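Novice: This is what each chain is made of:
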Amino acid sequence: MASGAPLADMPALPDASEPGDAEMRRFDAACWALDISGVRTLIAAAAAGTARSDWPETLLVGVRIADVNQRTVHLVGPYLGRAHMIGRAAATFWPREGRPALAELIVSVAMAETAGTPASRTITSVGFIDPLLHVWRAPDDARPDIVYVALTGTPVDDRSLWALRASEERYRNLIHHLPTALLQVDSTPMSAIFAKLRLEGVDDIASYLDANPEMSVHSRNIVLVTDANHKAMRLFGADHPDQLIGSVDYLFVASPDTAKRVITAHFEGRRSYAERIKLRRFDGRLRDVELSVTYPTPPERLDVTLLSLEDLTDRLQTEAQLHQLQADYTRAARISMLGELATSIAHEVNQPLSAIVTNAETSLRWLSRDEPNLAKVRQLTTRIAESGRRASDIVQRIRGMAARREPERVRVDLNAIVEEALLFVRYEIESRAVEVSVSLARELPRVLGDRVQLQQVIVNLLVNAVQAIGQTGGAGRIELRTAKGGDGTVRFTLHDNGPGIAEGNLDRIFGSFFTTKDEGIGIGLALCQSIIVAHGGTITASNHAEGGAVFEFALPARGAA
Amino acid sequence: MSKPPLIAIVDDDDAVREAIRDLLQVEGLAARTFESGTAFLSAAEHFDCLVTDVRMPDLDGIEIQRRLRAGGSAMPVIFVTSSADENTRVRALQGGAVAWFAKPLTDATFLAAIRAVLR
Chain A
1 MASGAPLADM
11 PALPDASEPG
21 DAEMRRFDAA
31 CWALDISGVR
41 TLIAAAAAGT
51 ARSDWPETLL
61 VGVRIADVNQ
71 RTVHLVGPYL
81 GRAHMIGRAA
91 ATFWPREGRP
101 ALAELIVSVA
111 MAETAGTPAS
121 RTITSVGFID
131 PLLHVWRAPD
141 DARPDIVYVA
151 LTGTPVDDRS
161 LWALRASEER
171 YRNLIHHLPT
181 ALLQVDSTPM
191 SAIFAKLRLE
201 GVDDIASYLD
211 ANPEMSVHSR
221 NIVLVTDANH
231 KAMRLFGADH
241 PDQLIGSVDY
251 LFVASPDTAK
261 RVITAHFEGR
271 RSYAERIKLR
281 RFDGRLRDVE
291 LSVTYPTPPE
301 RLDVTLLSLE
311 DLTDRLQTEA
321 QLHQLQADYT
331 RAARISMLGE
341 LATSIAHEVN
351 QPLSAIVTNA
361 ETSLRWLSRD
371 EPNLAKVRQL
381 TTRIAESGRR
391 ASDIVQRIRG
401 MAARREPERV
411 RVDLNAIVEE
421 ALLFVRYEIE
431 SRAVEVSVSL
441 ARELPRVLGD
451 RVQLQQVIVN
461 LLVNAVQAIG
471 QTGGAGRIEL
481 RTAKGGDGTV
491 RFTLHDNGPG
501 IAEGNLDRIF
511 GSFFTTKDEG
521 IGIGLALCQS
531 IIVAHGGTIT
541 ASNHAEGGAV
551 FEFALPARGA
561 A
Chain B
562 MSKPPLIAIV
572 DDDDAVREAI
582 RDLLQVEGLA
592 ARTFESGTAF
602 LSAAEHFDCL
612 VTDVRMPDLD
622 GIEIQRRLRA
632 GGSAMPVIFV
642 TSSADENTRV
652 RALQGGAVAW
662 FAKPLTDATF
672 LAAIRAVLR
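Protein chains in written order, with my numbering: chain A, 1 to 561; chain B, 562 to 680.
Simulated from the structure, these hints should not be mistaken for lab results. Bear in mind that the values here come from a model prediction, so they are computed numbers and not experimental data. Ideal Cβ placement from N, Cα and C applies to all residues, glycine included. Treat the hints loosely; a few may be bogus.
[Said to hold, decoys possible] Just so you have them, the derived chain A footprint on chain B, three or more residues with Cβ under 8 angstroms:
1. 574-583
2. 617-624
3. 659-666
[What the hints assert, rightly or not] Here are the simulated lysine to any residue pairs, SDA-like style, with alpha carbons at most 25 angstroms apart:
4. 376(A) / 591(B)
5. 376(A) / 630(B)
6. 376(A) / 582(B)
7. 376(A) / 651(B)
8. 231(A) / 376(A)
For reference, chain A alone in the conformation it holds in the complex:
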């Protein structure tokens, strides 16, 4: 019969075309021919009582399958077929609980002086009712390295219960060696609690748990972890799997509210639930973990709820480092931008300082008169204070641009940001005789963002526009506009009358290191894009029908003006 054939195609048992020798047909049962040539030494040691205590397991790993009949294939290896069973270790297919009995019988038969007579023993259930294990050598010792095995009794299930066991074994193996930490949890006690609560009319379990916090605590104690894999051991820093067996409570020590949500999802009949939690290891260290719960539904075993725990700590740390790197990079670009705008900034600061100095000198002149004019001095002192505050505001803004700080997400007014950005470039604009028209929408909704970064974007776009206009030599004009987009966005548009963007460059203008300037390194627009994208927005570049370039960005509106 071909290996891997579906169960339905198997011939009825016993079959005339049964493979193997006559001994294989001695019992109307599942029969095996096992090759013991590789374990002679171990058999001798076991017989002498000098083998290690785990010798039965070792023996069955060393014993190779020489042949099996169809019934055995049916019971044990239907997914593999006979051809693939032959040559493999007996332990691969023999259920764990039956292994000591088989090993002992093999030793006794192998060491017996006379062959042919089966040694038999009743064994604990391996899928049969009253299973009886028979082991013997061929009567004439025609095949001295072969030991025959037959298992009689009534199969508990006509289908392959051993196969089921093997399948479970494979499942356990799989679970235990999965690279994800897994806990097998018996949450059946919750079923009784849920039934009782439903009887009492509770349908909003979340509110119920809020009102009865002791319920969550109780649940954490009665729901038990029944199995854990190697990865889970490592995640918790356990020395032994037993440390993880018992109440599930330890899982929620650092994230107690998670238990409520896990219970709620179960109560609501959801198939699975996942959230990111803080997990406290047994050594007290905290890890960031993605917890996923898969709740069983019939026909699955209802006592098997699987919890998987994916350790995200390293990934989150890398992300945080990347985030920091981006913030540093953005800041470096801002400082570089401030350097380029130094003349402009110096001018902005010098104006109020100039007014302060002149007002102070004028005050002294009023005071040094024979009859000091105190009213004038008071007025001038007021102006000095105003100009001082103005200078201070400018310095604050520059410091804000240069400071190392975490980008924040607060509700900001884009109109105010545009006006502040203009302050940084006003001198550039004036010195190049560029005419700027600003049209700010009234009652513009706020956006959620970082004021400094958004200012950086606008200053960058403005500086680019001023420089582009400088290439044309004509009268420069820049139009700035804010508007409420129809799609729940707030829009900023800059239109200049420079030479526009070459068609071939439109697609790559936001790419890193793209520049058309002799001295540019091409990070400005790439940075503008990354800032806008990080704000959940979009930025586009195009050419205006009447000439010049148009840069537009849209940000999600967050609330009223």
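Using the hints provided, position chain B relative to the given structure of chain A.
Specialist: Chain B in isolation, oriented as in the chain A frame:
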């Protein structure tokens, strides 16, 4: 008795404009302020001296001086600026400027220049 001299001050910055006016006032000099060159030029004939900033959004100081000269005016022009740009300074002096001051002003020197011009 002759009419007292009248000085025009052009600067787009309110605070600077008013500060210069007040400095002149304490010394008994009459001055009027303008926030743009265009506004000043429309009333230029009333003034005996012009104190102007260089960089401004409307007309810059050099252009105001050029238009005065083009209109036949010999009004003395004094530049007061934050800009340290040498080229602009040369252009201003070539255009007939009588003095060039950097902001912040040194009051005594500035007033001395004004008095010299008005004498």
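Novice: Which of the numbered hints are not met once you compare them with the structure shown?
Specialist: 5, 7, 8
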